[in-house]
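A.B. asks: Here's the letter readout for the chains.
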Amino acid sequence: MRGLATVYKKEVRENLRDKRAIFNSLLLGPILFPVLFIGLAYFSANKQQERAEKVLELPVIGAQHAPNLVNFLEQQGMVIKPSVDNPEDLVRAQEEQVIIRIPEQFGEEWKAGKPAVVEVIADPSRRESNTPMRRVRGLLNAYGAQIGQLRLQLRGVSPTIQSAIMVKDVDLSTPQSRGLLFMIFLPYILMITSFTGGMHLAIDSTAGEKERKSLEPLLINPVPRWQIMLGKMGATATYAFASLALTLLAFRFALPQLPTGSLGVDLNLSGPAVGGILLVVAPVVILAAALLTTLAALAKSLREAQSYMGLIFLVPMIPSIIFMANPVTPETWMMAIPMFSQNLLIGEFVRGESVSLEWLVMSMGGTLLIGLLLAGLAATLFNRPKLVFSN
Amino acid sequence: MIKVTNLHKSFGEVKAVRGISFEVPDGQITGLLGPNGAGKTTTLRMLYSLLPPDQGQISIDGLDPTRDAMAIKRTLGVVPDSRGLYTRMTARENIAYYGQLHGMSRRDIGDRIDELVQTLDMADFIERRTEGFSQGQRVKVAIARAMVHKPQTVMLDEPSNGLDVMSTRALRAYILSLKAAGHSVILSTHIMQEVAALCDQIVIIAKGRIAADGSAQDLMLQSGCDSLEDAFVNLIGTEEGLLA
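First to last, the protein sequences are chains A and B. Start counting at 1 in the first sequence, then tack on 13, and there's your number in the working numbering. Start counting at 1 in the second sequence, then tack on 713, and there's your number in the working numbering.
These are calculated hints, taken from the structure and not from any lab test. A virtual CB, placed ideally from N, CA and C, is assigned to each residue, including glycine. Any given hint could turn out to be false.
Chain B is faced by these chain A residues, among others (derived, beta-carbon under 8 Å) [to be verified]:
| hint | residue |
| --- | --- |
| 1 | Gly16 |
| 2 | Thr19 |
| 3 | Leu232 |
| 4 | Pro398 |
Chain A on its own, in the form it takes in the complex (with noise of 0.2 Å):
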């Protein structure tokens, strides 16, 4: 084991010094995805606030055949603009949101008691302007119940009458599981970095090595193959935990910046649960590192190596963005799910649930066992006469 230790010492050293790997484990990472996550919501909250309390200008069509409504409106705190005469196409030049148009026969409907037409014109396809329509829907049909209320009270009927059942929520979420629809995106971005952290010191120490024509020369060292592979993974392996250990860190920091509280929300990061997240993702980082070594010792060359990183990306991605598009309510079997099962239980530390003892040991068992599958198939690539020649 003495080879491989001073294999391990000499890629973790190496490696420092090398500005692109520090770049991409130590800094990428841990920097580049909290400001971007953190950069997202803090816009998008803003965003959405912003379009909540904005004054709405609203172009209305035939206003003379609803003045009362009009003045509901305006009383609302919309902007009224005068008439136009293409509505159609000004929503869809995107010129206007959202356009209402009062038909002619508005007054005579109403007054016969019939529901009186009123239409808006939007694009709902265009995201941007659903916050204005709901607003101007809301407003209507507000209006459209007080009316309602009042002509059943001229009858003599209680306007309790037409609501049959009444709807009540209780709520058991908390703010702090409020937060998760926030962090589904934490475990994607844990996923991603397991592999991204050690990415380029496995390909360096490994198709690299081959490519500068100094794997020959190690090879002739006496010490075992299986030594040499693993601790170049061990190595990797090491580079990939420290990216996501600073990148958790990160997170514990940054999210209690985030504009949260006015959305009801708690998000922040007990030191518990980076704990368990890390104890939970380490098996993953030992997949990561096997994966990307066995990858790095079948490519010929640096660049070939490099082209099968680019695929690698997709492996954690799969499980993230199947449980994104699919939520499920974890279950035991699932556990034996490599990055799915590490999916499930991030979700569940960071909800500040307890996790049971038989999920963690099945989670982490099976993902290193595969692990460790994996890192035989490398060390069978390694002994293989050919691994020395590029050509």
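Following the hints, position chain B against chain A.
C.D. replies: Below, chain B alone, put in the same frame as chain A:
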């Protein structure tokens, strides 16, 4: 003492080595001479247990590279064809790494490197990172790291490739000093003057076979030529006749 018997090695369709046999006596310099692509590097790679032979036996001081690879690697010092250095490490760190891989103590490594800095004249650059080293400096570091554990047998694959005249002279002097210190040396080369200047025994390899072997004197006698260069061309050119 190295004994090679009927060595064969193919890479797919290409038969790189087809039936090579020779002996290397202790305390001498043996040259594997042959044109590029003759099978010299492949033969050496089998000797230092990087490649397993398809057929044939190798015995180095009674050990077989396919069975006792670790034991053989401890007694060999190899400067292979590829001599990449770690450019983010200093020359000293490069050499020390190999010392550690051989299980030497920190103190032994330090002492040994000081010794090698003297013999190979590396004082100017031993503490510098190897990024941007000249060919000559690189070869010196590659030799130093191969010699850090004081191997009994030394193998050098085309050691003077890419060196200028001064570095080549220094290299030759160093190889002769190895012999004087009692090491056995095998070197492969395609340069005539190198064998003429250094080798006690010459093994001529062409197209994966032995074309001739013996001292320079023997080879000239054998070919009826009075210069080694003519003998070389002559022996390779009449390969068929020689083998018959």
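A.B. asks: Could you work out which earlier hints the structure fails to respect and list their numbers in ascending sequence?
C.D. replies: Per hint list: zero violations.
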